[in-house]
Structures are given as structure tokens and as C-alpha cells.
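**Q** Working from the sequences, and respecting the hints, build out all of it.
Number of protein chains: 2
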Amino acid sequence: MKIKGKTILLDKPVYVTGHAGVAGKKEGEGPLAQDFDAIFDDTTVGQQSYELAESALLKDAIIRAVSKSGVSFSDVNFVLSGDLLDQCMGSAFALKDLNISSIGLFGACSTMALSLANGAMLVDCGAECVVAATSSHFCSSERQFRFPLEYGGQRPPTAQWTVTGAGASVLQGQGDGIKIKALQIGTITDLGITDANNMGAAMAPAAARTITDFLNDTDTKPSDYDLILTGDLGFTGSKLLHEITELEYNVKLDKNHKDCGMLIYDLKKQDVNSGGSGCGCGGSVLCSHIMKQMEKGKLNKVLFVATGALMSPTSSKQGNSIPSIAHAVLLEA
Amino acid sequence: MKIKGKTILLDKPVYVTGHAGVAGKKEGEGPLAQDFDAIFDDTTVGQQSYELAESALLKDAIIRAVSKSGVSFSDVNFVLSGDLLDQCMGSAFALKDLNISSIGLFGACSTMALSLANGAMLVDCGAECVVAATSSHFCSSERQFRFPLEYGGQRPPTAQWTVTGAGASVLQGQGDGIKIKALQIGTITDLGITDANNMGAAMAPAAARTITDFLNDTDTKPSDYDLILTGDLGFTGSKLLHEITELEYNVKLDKNHKDCGMLIYDLKKQDVNSGGSGCGCGGSVLCSHIMKQMEKGKLNKVLFVATGALMSPTSSKQGNSIPSIAHAVLLEA
Chain A
317 MKIKGKTILL DKPVYVTGHA GVAGKKEGEG PLAQDFDAIF DDTTVGQQSY ELAESALLKD
377 AIIRAVSKSG VSFSDVNFVL SGDLLDQCMG SAFALKDLNI SSIGLFGACS TMALSLANGA
437 MLVDCGAECV VAATSSHFCS SERQFRFPLE YGGQRPPTAQ WTVTGAGASV LQGQGDGIKI
497 KALQIGTITD LGITDANNMG AAMAPAAART ITDFLNDTDT KPSDYDLILT GDLGFTGSKL
557 LHEITELEYN VKLDKNHKDC GMLIYDLKKQ DVNSGGSGCG CGGSVLCSHI MKQMEKGKLN
617 KVLFVATGAL MSPTSSKQGN SIPSIAHAVL LEA
Chain B
317 MKIKGKTILL DKPVYVTGHA GVAGKKEGEG PLAQDFDAIF DDTTVGQQSY ELAESALLKD
377 AIIRAVSKSG VSFSDVNFVL SGDLLDQCMG SAFALKDLNI SSIGLFGACS TMALSLANGA
437 MLVDCGAECV VAATSSHFCS SERQFRFPLE YGGQRPPTAQ WTVTGAGASV LQGQGDGIKI
497 KALQIGTITD LGITDANNMG AAMAPAAART ITDFLNDTDT KPSDYDLILT GDLGFTGSKL
557 LHEITELEYN VKLDKNHKDC GMLIYDLKKQ DVNSGGSGCG CGGSVLCSHI MKQMEKGKLN
617 KVLFVATGAL MSPTSSKQGN SIPSIAHAVL LEA
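Sequences listed follow chains A and B, in order. Residues 317 to 649 (the numbering used here) are what the first sequence spells out, left to right. Residues 317 to 649 (the numbering used here) are what the second sequence spells out, left to right.
These are computed hints drawn from the structure, not numbers from a lab. Careful, some of the hints might be misleading.
The list makes no distinction among identical chains, and a pair is therefore deemed to hold if it is satisfied within one copy or across any two copies.
Derived EDC-like pairs (lysine to aspartate or glutamate); straight-line CA-CA distance at most 20 Å [stated by the list, open to error]: (1) K320 - D542; (2) K320 - E458; (3) K585 - D376; (4) K497 - D533; (5) K320 - D376; (6) K322 - D391; (7) K328 - E444.
Quantities reported herein were computed from a predicted structural model and do not represent experimental measurements.
**A** Here it is, written out as C-alpha cells:
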């Protein structure tokens with residue numbers, strides 16, 4: 317690989333040879349319903365806790381992606397996965413019976429881009445086959461980060477709705493189809509936002525930084541991409557992203573920017589306030605809808621930039637700001 | 317890199333060009349006191365919470381390692397770091413002002429081996445300089461995983477004492493000194509242990525699996541190493557490790573096995589029950605005492621195998637078993 321500024325240019329393309337995005341009931345009632353590889357109407361996915369339900373979703377997405385790629389689990393060198401739960405419980409319990417070498421990641425909602433980016437570098441380095449994956453679940457996240465579900469706390473307009481869903485992609489050095497050609501590992505950015513009900517505002521500066529760094533390093537402009545796709549900035553964060561890139565970096569993100577958190581729900585009808593969030597938001601939308609659009613020829617060059625808010629319930633209670641990060645992956649059909 | 321079984325053989329050695337291990341007061345009263353790069357007698361490290369104290373330790377270790385390597389922060393392509401706290405808060409707040417591309421990892425107490433292993437692969441792949449790091453803090457861990465400190469809960473003989481400390485190593489493709497030549501990303505292993513006060517028993521099977529897989533893949537035996545060093549199995553886990561490798565795998569771990577959790581404290585005098593634990597245990601011991609022994613010519617070939625118990629407070633309260641993992645890194649002087 318070659319390093320240009322903060323951007324990694326891969327020596328040869330890394331291929332996405334299999335991918336799957338799965339989702340829960342509410343997501344299955346949204347605009348992307350027909351593109352998900354599976355929709356689970358049972359919020360518990362038949363498990364004894366919401367946390368284990370999240371693990372079941374993630375395991376399901378991984379199995380579907382591996383199956384679609386045509387490889388077997390014994391061909392997989394590493395699985396790279398992480399999630400939002402304390403100590404990444406979602407991933408540990410999803411992977412524990414799959415018998416694969418596991419690289420645990422933590423990037424909060426940026427995890428799909430982090431796992432694809434790190435995974436693509438490992439394939440560039442000689443790994444034959446890796447799986448990049450992530451998940452989130454509304455019920456496990458809500459009680460982890462905010463309030464018990466039963467409490468029925470009111471949500472401000474800036475709040476986002478954690479997606480119940482998971483995404484997984486199989487990466488290999490050879491194949492055909494979608495290619496990863498470049499990537500960027502993000503730098504933690506913290507402008508002092510402390511409101512855990514306004515993740516979009518906390519994460520937008522990190523997205524602006526990574527997107528503009530990537531454009532500079534590759535000497536490209538927004539119109540060179542069919543789509544610049546953020547993970548889960550939602551309505552509030554997306555608006556801020558456009559303002560920051562224009563005012564701070566003099567880059568105008570035109571209509572080719574979209575956000576998975578605004579694509580996955582009907583914001584007018586589904587009562588999700590500012591839109592979707594969670595690792596599973598970018599994960600499920602990228603690995604189903606977007607990759608299917610690319611395979612159908614409707615999108616060619618997609619810059620996927622997933623953002624993560626690196627706060628914990630403890631750091632929020634202690635009044636700390638919310639450090640954020642955004643990782644980027646360039647996908648081409 | 318070449319893949320043999322589960323083991324990665326690097327094409328050319330990756331060099332540890334700087335390293336530092338820092339520790340707290342209790343660790344500074346133990347047998348390794350003179351080898352730590354810094355000892356912080358103030359448990360809060362001047363911060364407003366134990367969590368931010370942990371971040372301060374980690375940041376200190378990273379700055380020392382980078383300084384010793386002679387590189388500047390702008391030369392660092394990636395820092396790879398993780399810790400035990402919810403949402404890896406320790407790492408996020410340590411790194412947020414350092415302005416480096418950050419790969420967040422989660423491997424619980426295995427993180428020092430995971431960050432070295434993933435980092436070494438990235439250097440093998442073309443990164444010029446990466447930092448691998450991790451931390452833990454007795455006070456932040458105790459209230460995260462067990463009880464509020466003020467509660468004064470009794471500790472069973474199998475319990476371990478979370479190390480207050482951090483370790484960091486700078487890895488580069490060129491240099492002299494300690495070399496990483498091979499590594500193994502572990503596979504999650506779960507034999508059904510549910511007792512969060514017996515981490516050693518939960519993690520020993522993962523260590524046995526990774527050590528024996530590594531020996532098989534490299535066609536070596538324990539006596540080929542000056543030291544097989546586990547991260548934090550403690551007394552209970554180390555005894556179990558010897559039993560499992562002998563009974564299950566027919567491999568006798570001779571006296572050249574040591575455990576950082578037993579090296580860092582005087583088990584007879586320091587009232588730590590089964591020994592030290594935490595990401596900072598393997599991290600601080602490896603990056604100070606062990607690497608200094610290697611540089612002095614007292615140790616040549618060291619197989620570092622750090623184990624992680626991938627449970628969360630939630631998974632333990634729900635009665636789930638403790639999935640565990642062990643990653644390995646082969647270091648040569």
C-alpha cells in the first residue's frame with residue numbers, strides 16, 4: 317500500500333466477494349425493505365436478551381455474506397468486528413462458535429468503515445480472505461446509553477433511533493464485483509459537544525475532516541463521486557456536515573451526499589426524529605442497499621465515511637465531551 | 317506475510333523502535349519497580365476521575381515510547397489501542413488530542429498482543445510507523461466490572477488485581493533492536509466458565525489453544541523459546557494452562573513459562589490473591605521489564621501470548637459464560 321497524507325492507496329484492489337445486510341422490524345417497514353437480505357420481525361430474534369439478539373443478527377449477516385461469497389469458514393483468515401455494547405459483547409457472542417481468528421475493533425458507529433479499512437489493508441498485505449462486520453440493536457443500545465425502555469423517556473428532535481441491524485462483507489484479493497481501492501483511518505476530533513442526544517453534532521466535524529482530507533489527498537472533488545455516503549449523521553448532523561465542509565474547508569458537498577441514517581427510515585412517517593444511528597445503520601445499508609445498487613450499475617464510485625461517537629455512559633455522566641472519529645473507504649463497482 | 321495454519325509469518329521483521337511501560341503506586345512497590353519508565357504514586361494522576369487517570373497513564377506511555385523511538389507524532393501512521401472500559405473510554409480520551417489516525421481495538425486483557433499483532437501486519441503491509449498501546453486502572457476497572465470501591469467487597473482466592481498501568485511500543489519496518497517475526501490472531505474459546513472472579517480459568521483454555529497452535533504451525537517446542545509469556549492468567553490460570561496443554565495437547569510447558577500477572581506483584585506480600593490482571597498488566601510488563609531484559613541480552617526469543625476475557629458486566633449479570641481469546645506475538649532480541 318502507498319500512503320498519501322492520511323489516505324492509504326491500495327497496491328491492487330481488494331474485492332468484496334460477498335455481502336449481506338440484515339435488519340429488524342422497524343427497518344423492514346422503511347424505504348429499503350426490499351434490499352435487506354433478511355428482516356427479523358421478532359425483536360428478540362428468539363434469544364433470551366436484547367444483547368444476544370444483537371449477536372444473533374450479526375452472526376446471521378456474517379453467515380449470509382460468507383455463503384454468498386462462496387468461501388467456507390475455514391477459508392477465512394480473520395473476522396474483524398465490533399459494536400456499541402459494553403466490551404463489544406455483541407461481537408464476542410456472535411463469533412464465539414464460528415471458530416475464526418477474531419480481531420476485535422471498537423469504533424462505535426464508524427465500525428463498518430473501520431472493519432472494511434483494516435480488513436482491506438490486511439488483504440493487501442497477504443491475507444486471503446477476511447470478513448468485516450458490525451451490528452447494533454435499538455433495545456440493547458437504548459438501555460446501555462440512555463434509559464431503560466420501560467421508562468419511555470422523551471426524545472429531543474436531535475436524537476437518533478439506533479438501527480436494529482447488522483452488516484457483513486467478505487474481502488478477498490481476487491474476484492470480481494465491488495472493489496476497495498483506497499481508505500482512510502480517521503483522527504479523533506472533539507469540538508466539545510457534550511449532549512448524548514445530539515450525536516450528529518458531535519460526529520459531523522469528524523466526517524468533515526475525513527472527507528476533506530480524503531479529497532485533498534486524492535486530488536478529487538465531491539462531484540467525482542457518485543455518492544459520498546455517511547454512516548449515521550442523521551438530519552441534524554448532515555446539515556452541520558454541509559455547513560462545516562463549506563465554511564471551514566471551502567468544499568461544497570452537493571446533492572451526491574447521502575446519509576444511511578436518513579435512507580433507512582422514512583423520517584416523516586416513522587417517528588425517528590433526526591434519523592437512524594448505530595453501527596448497524598451504516599453496516600446494514602452499505603452491505604445491502606448500496607452494494608446492490610453498485611452491482612446493478614446504478615452507482616459506480618462511492619466514498620463511504622462512517623462516523624463514531626466515542627463516548628461511554630460513564631464519560632457522559634462525568635460531563636465529558638464526545639470525542640468522534642470518521643473512517644473512509646472508497647468503493648468502486 | 318505468509319500464512320501457515322493460524323500463524324502469520326512476516327516477510328521481513330518489524331522492529332520495536334521505542335517502548336515504554338508505566339505503572340501505579342502498588343505496581344511500583346512490586347518486584348519490577350526499577351524497570352518501569354514511570355511510577356505514578358497519585359492514583360488519580362491529577363485527573364478528575366479514575367477513568368481519565370487511566371487515559372493519562374496511557375497517553376504518558378505513548379508519549380514516552382514515541383519519544384524513545386526518535387520519531388515525531390507526525391511520522392506515526394496509525395495508533396492501535398484499546399482498553400477494558402465501556403466503549404474503550406480509556407483510549408478515546410488518551411488519544412483525542414494527539415492528532416493521529418486511530419484504530420480502536422477491543423481484546424480485553426489481550427489488547428497488548430492484539431495491537432502489536434495487527435500493528436506489525438500493517439507495517440509489513442507498508443505502514444512506516446505505528447504505535448501499539450493499551451492501559452488499565454484498578455479503580456476504573458473495579459467499579460466497571462465488580463463493585464464500587466467503597467463497598468469493600470471480599471475477593472475470593474481466584475480473583476486477580478487489575479494492574480494500574482499502560483504499555484506502548486512503536487513499530488517500524490526498519491531499525492535495530494527487538495524484532496517481531498511472527499504472530500497469531502486468536503480464536504474465541506469458551507469452555508463455559510461463568511465466574512467473573514475467576515478470569516484465569518476462563519482464559520487458560522484460549523492461551524493453551526493459541527500456544528499449541530503456534531508451536532504446531534512453526535514446528536517448534538516450548539524449549540525453543542527463552543520465555544513463553546502470558547499476559548494475566550495469574551496463579552490459578554497459569555496452573556490450569558500447564559494442565560490443559562499437557563492433558564489436552566500433550567505439550568509440557570516447562571519452567572520457561574511465566575505470567576506477567578505473577579511477575580508484577582509479590583504474590584506473598586502484596587495481597588493480590590491470584591496475581592495481576594488487566595490490559596495494562598501485559599502491556600506495562602512487556603513494554604518495560606521484558607523488553608529491557610531482551611535489550612540487555614538476558615532474553616532472546618520471547619513468545620508473548622496475552623489473553624482476554626470477553627465478558628461485559630451485562631453478559632455476566634445475564635449469566636452467560638465468558639468467551640476468551642489469546643493473541644500471540646513472537647519477539648526476538
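**Q** Please flag the earlier hints that this structure goes against, numbers listed from lowest up.
**A** 1, 2, 3 and 5
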